[in-house]
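Enquirer: Protein chains in written order, with the numbering used here: chain A, 1 to 99; chain B, 1 to 504; chain C, 1 to 119.
Simulated from the structure, these hints should not be mistaken for lab results.
Predicted, not measured: the structure shown is a model, and the values here were computed from it.
Where a beta carbon is used, it is the ideal one built from N, C-alpha and C, also for glycine.
Heads up, a few of these hints could be off.
Quick look at which bits of chain B chain A covers, simulated, 3 or more residues with Cβ under 8 Å [said to hold, decoys possible]:
#1 173-186
#2 318-328
#3 359-373
DEER-style ranges, computed between Cβ atoms [unchecked claim]:
#4 32/A to 71/C: 17 to 27 Å
#5 313/B to 53/A: 30 to 40 Å
#6 455/B to 71/C: 33 to 43 Å
#7 36/B to 32/A: 37 to 47 Å
#8 32/A to 64/C: 16 to 26 Å
#9 103/C to 33/B: 17 to 27 Å
#10 23/A to 62/C: 17 to 27 Å
#11 47/B to 96/C: 50 to 60 Å
#12 33/B to 11/A: 17 to 27 Å
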Amino acid sequence: MDISNYLYLSALLFTIGAVGVVVRRNAIVVFMCIELMLNAANLAFVTFSRINGNLDGQVASFFTMVVAACEVVVGLAIIVTIYRSRRSASVDDASLLKR
Amino acid sequence: MLTAPVLNYSLLAPILVVLGGALLGVLVEAFLSKAVRPAAQLAIALGTLVLSFAQIIRVRNLTSLTAAVNSVTIDGAGVFIQGTILVLAFIALLLIADQDNFAAQASAVPGSEEERSAIATGKIQTEIFPLTLFAVAGMMLFPLASDLITLFVALEVLSLPLYLMAGLSRRRRLLSQEAALKYFLLGAYSSAFFLFGAAFLYGFSGSLSLNGIAAAITGGQGNDVFLLIGIAFLSVGLLFKVGAVPFHSWTPDVYQGAPTPITAFMAACTKVAAFGATLRIFYVGLSAAQWEWKPIITVVAILTMAVGAIAAIAQRDVKRALAFSSIAHAGFLLTGVLALNKSGLSASLFYIVAYGFTTIGAFGIVTLVRDSAGEVTDLNRWIGLGKKSPFISGMFVLFLLSFAGIPLTSGFIGKFSLFNAAYETGNITVVVVGVLASAVAAFFYLRIVVMLFFTEPTNDSVTVVIPSIMTRFAITFCALVTVVLGVYPSLLLNTTQTFANFLK
Amino acid sequence: MNPYVPILVIGAIGFGFAAISVVAAAITGPKRYNRAKSDAYECGIEPSPQAAGGGRFPVKYFLTAMLFIVFDIEIVFLYPWAVTFDKLGLFGLVEMMIFILTVFIAYAYVWRRGGLEWD
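In isolation and in its complexed conformation, chain A is listed as follows:
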């Protein structure tokens, strides 16, 4: 199979994630879309690693995974505190600050 198909898939996933962040209203779903974007970048890293014939890209994907996990924890912590004070996880409800 043509290896560039992986790049198309990666670009597709990234676009789905990027559009999802803009159109979805639930903070958790927005957050999942961001994770999708990070994973798209990971797929691109691994594909390029294969194309370029060195392992740097695979190493990068390891670090991305760990950083993404830490981001999940910080993000969920923030969303949980917000949920506890408002009983809602919609990003539209969080609009006390002026636009």
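Guided by the hints, dock chains B and C onto chain A, whose structure is given.
Expert: Relative to chain A, chains B and C alone:
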């Protein structure tokens, strides 16, 4: 064949010391009793920064491309930026040490019995100090990082603590939590763009290091589509962090919602670190492809200066106004990125220092203007404050004049040398827009001066509280730097010229 | 030596441990029967008809899951180290010890601040 890598601990010491201090802070939080925690944490944090600065002094004249294999470059500009971050963080920490600004228990629901009892019993969480140190460590690594993984990791290490710190305000907690959520979601969004761009730059060059990318651009074998995608997405991530238009929309909200000492820390140190990394990426990694990105960054710089200056006028809230002013300053600093020569770099370094101290000073004063419910940030209630407390208001005016770039303040010298560098390289458009934006901004700042000093006070409940000794020192120091750099700029200009070089 | 022998040994030890645990628990453990014992899982949510609290997971699950994710993902760095253990030698050992120490500091913090307590 794999051989064990060599780490030069001596050159990495400034960063390692800060990370060690942060870990120590975590242990203190876990094992020391509540009574001694605040004092111990403050001592550890301040001591760590001093120790790290001593290490900076030690390595200031050393350069190395291989301090951590190829991931970290120690060079003049990098060390200068690290030192700047440390001093700014020290001053900001003195403001942060005023515990009164932070939520006693971040996990308690606002207004609940749990929160009231936490405040009443003096049960205070002091995690803010280790979090600050972790952020500082990330900020110190970011401008030195010379490969894409290290850049990404450093970016996250500096961002993650800041997301949490933005949500820790004691008063108006819903606002603060909302700021944290916005900052987090948009910050993570931009990190994803940064990472995707990094992946494509790697795909283009087959190397993660900035030097490898530069060599691939010069060599011209790679796929140019990958290069363009890479530059575009990487720039989105960076421009978000520095708060440039059109990626600035988070700045006013986050600056307004976050506790004011954290806003000061964020506005000064994050911007210094982000510009350090931006300068390195564009000067070292992408300078050979300047014809691809210069037009775009020029447009972004012009938009940033214009939007920042014009939108500031419409603001009714001091913190939002200062946020837009910081956006405008990001635009001015981008002209330093565009210059791509030694004088541009030197001017950027000077501007970063001038901007950092002025910003911390200005936000420091915002923490002092209060009524019974806490800080008052509504500009209309600041009317006539100059009559009630002329000294503090006078200092605030000094910072505003420096933001506006009036002569005899550090802001003037900074703007002058930046525009000079941009003019030398033929960026006339940018210089013209920059000067016009400065004029617009000056109008806005002068309006506040009139409000403070030449309007009769209407509302008597607003007072300027007597600052604690640490806050007093922080604000005075910032004012002193602003004046001294305005009157004797050569003190720092000579240093920035010596240090203004990136090792390639 | 055949490279698959260590894998066989690991497999045998694993099987032996499982078998011994089951037998030892059956012989030595106290035997009490109640409703919780007959559930599919002895802890966690009711599998049917729906989870406690109106079908939503309580926040505590998120907290525990978050802690699990962080500590779990750190293991990712141990695999490359295990593969190159001989080549990295003492340097690798020292660096990984420092890495594991920092993870333990985080763990100590979580433990002392009550992050592992269910109620």
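Enquirer: Just pull the numbers of the violated hints for me, sorted ascending.
Expert: 2, 3, 5, 6, 11, 12
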